[in-house]
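J.: For the protein sequence lines, the chains are D and B, in the order given.
Counted from 1, the first sequence has number 126 at position 126 by our numbering; the numbering is strictly sequential.
Counted from 1, the second sequence has number 119 at position 119 by our numbering; the numbering is strictly sequential.
Treat the hints with care, as some may be off.
Unchecked claim - Just a few of them, taken from the derived set where beta-carbon distance is under 7 Å, the chain D residues facing chain B:
(1) Ala26
(2) Leu39
(3) Gly46
(4) Lys51
(5) Ile55
(6) His70
(7) Ala78
(8) Met83
(9) Leu118
(10) Gly123
(11) Leu126
(12) Pro131
(13) Phe135
(14) Ala142
(15) Val147
(16) Val153
Said to hold, decoys possible - Capping the alpha-carbon separation at 27 Å, the derived lysine-lysine pairs in BS3-like fashion look like this:
(17) Lys90(D) with Lys63(B)
(18) Lys63(B) with Lys37(D)
(19) Lys63(B) with Lys101(D)
(20) Lys101(D) with Lys62(B)
(21) Lys110(D) with Lys53(B)
(22) Lys62(B) with Lys108(D)
(23) Lys108(D) with Lys63(B)
(24) Lys63(B) with Lys110(D)
(25) Lys53(B) with Lys111(D)
(26) Lys37(D) with Lys62(B)
Simulated from the structure, these hints should not be mistaken for lab results.
Yeah, the Cβ is synthetic: ideal placement off N, Cα and C, and Gly gets one too.
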Amino acid sequence: MNQLHNRHTDTDFEIRFVNEFGVNNASTTHRAWHNVKYLIAGILFGILLVKSEVISWFRIQEMFRFQEFHMYGVIGSAVVVGMLSVRLIKYFNIRTVDGEKIEFQSKKFKKGNVIGGLIFGFGWALTGACPGPLFAQIGTGAAVVSVTLLSAVAGTWVYGFFHDRLPH
Amino acid sequence: MNDVFDRIRQPWPWYVAGPLIGLTVPLLLILGNKLFGISSSLRHICAACIPAKISFFNYNWKKEVWNLFFVAGIFFGGYVAAVFLTNDRPVTINENLREELAGYGIKNLSALVPSDLFHFEALFTLKGFLLIVVGGFLVGFGTRYAGGCTSGHAITGISMLQLPSIIATACFMIGGIIMANFVLPYILML
Chain D
1 MNQLHNRHTD TDFEIRFVNE FGVNNASTTH RAWHNVKYLI AGILFGILLV
51 KSEVISWFRI QEMFRFQEFH MYGVIGSAVV VGMLSVRLIK YFNIRTVDGE
101 KIEFQSKKFK KGNVIGGLIF GFGWALTGAC PGPLFAQIGT GAAVVSVTLL
151 SAVAGTWVYG FFHDRLPH
Chain B
1 MNDVFDRIRQ PWPWYVAGPL IGLTVPLLLI LGNKLFGISS SLRHICAACI
51 PAKISFFNYN WKKEVWNLFF VAGIFFGGYV AAVFLTNDRP VTINENLREE
101 LAGYGIKNLS ALVPSDLFHF EALFTLKGFL LIVVGGFLVG FGTRYAGGCT
151 SGHAITGISM LQLPSIIATA CFMIGGIIMA NFVLPYILML
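Please construct the entire structure, taking both the sequences and the accompanying hints into account.
T.: What follows is the structure, encoded as C-alpha cells:
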C-alpha cells in the first residue's frame, strides 16, 4: 500500500493542482475501516439535504426564478458558517483529530470556472440537482435518478477524455 | 418529546439547515484534512471503474476513497430521511410556480422529485431524455470542467475566499437562470 502511494505521488500533486475540491490533504494514512466516519458524516449530510428540501426540483426552480428566498438562505448561511469556521481554524491553529496541521491552498482561476460553471448551471436547472442531491434523491426512492447519476459519471468521463483539448 | 420529533419531520427552515450544512466544511477538515466537495466523487468513480488510460483518471483514487464513503452516506441519509423523518404533506412550493407547472401538466406534488417528469417511461420521450439524461450529462461535464460544484466552489471555495470559486458560483447561477427561465419552459411544453 505504501509503495503504491509513493508511485503515485506525482499524480496526487497533479489532481490537487487542477483546481479541485473533495480531495484528501491528509498525510496520515489509516486502515480502510476508518472511512466509516465519512460514511456517518455523509448520512448526516444526506438527511440535511432532504430535510432542508435542497434536493427538491421545485426549490431549484424557485431559486432560479427568484420566487423564494429559501435556497439563498440555505446556501448563504452555509457560506457564512463555513467562512467563520475557516477563520477560527486558522486563528486558533486548530489541528485534525490526528494532530495534523490543516492547510488551505489557493485556487488558480481558469477559463473552465466560467465555461464549466455555465454548463453545470444548465444541468442544475434541468435536473434540479447538483451532484450531492443526486445521491440523496436516489436514497429517497427516486430510482430513475440513478440514470441521471450514470449520465453525470459519463459527462465527467467525456470531460476527462477531452481534457487536453479543451480551453483551460 | 413527540413535539420535537414532529418538528424534525417538518421541512427544516433555511436558518437551521444552512448553518448545519456550513459546518460540514470544518467537520471534514478536522476529521482528517478533507476538503469538502462532492462532484469529485464522479471523477473517482471514473478513475476506479473506467480509467481507460486517460491521464485525467490515472491517479491514486484509493487515497480519495473517503469521498466515495461520504457520497454512499448521502444515499443512506436520503433513505433514512425519506423513511423515518417524513410527513405526508405535499412539498412546499411557491404559488406562482405551482400554477405555471400545473399549466404543463405537472400536478403531483407528493415528492421532492416530481414524478410527473422523472420516471423510467419518461426516458423514452424527448422531454424526459433532456431532463434526465442530458441534464445529468451537463452536471457531470460542467462540474468537472468548472473544478467543483455547489459544495466545492459555492460553499468550501467561497468560505476560503477563493476568487475562482466566487466566479464559478456566479456562473452556476447565470447558467441556471438562463436555463430555468428561457429554455426549460419550452422543454416542459414538449
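J.: Now look at each hint and say whether the structure bears it out.
T.: Structure-based check of each hint:
1. Ala26: 4 Å, holds
2. Leu39: With a minimum Cβ separation of about 4 Å from chain B (threshold 7 Å), the hint on Leu39(D) holds.
3. Gly46: 2 Å, holds
4. Lys51: Lys51(D) check passes; min Cβ-Cβ to chain B is 4 Å, inside 7 Å.
5. Ile55: Hint on Ile55(D): holds, closest Cβ of chain B at ~5 Å, below 7 Å.
6. His70: 5 Å, holds
7. Ala78: 4 Å, holds
8. Met83: 5 Å, holds
9. Leu118: 4 Å, holds
10. Gly123: 3 Å, holds
11. Leu126: 3 Å, holds
12. Pro131: Status holds, d = 4 Å.
13. Phe135: 4 Å, holds
14. Ala142: Interface hint status for Ala142(D): holds (4 Å vs cutoff 7 Å).
15. Val147: 5 Å, holds
16. Val153: 5 Å, holds
17. Lys90(D) with Lys63(B): 25 Å, holds
18. Lys63(B) with Lys37(D): 15 Å, holds
19. Lys63(B) with Lys101(D): The hint holds at about 18 Å.
20. Lys101(D) with Lys62(B): 22 Å, holds
21. Lys110(D) with Lys53(B): 25 Å, holds
22. Lys62(B) with Lys108(D): 25 Å, holds
23. Lys108(D) with Lys63(B): Cα-Cα ~23 Å, so holds.
24. Lys63(B) with Lys110(D): 26 Å, holds
25. Lys53(B) with Lys111(D): 25 Å, holds
26. Lys37(D) with Lys62(B): 16 Å, holds
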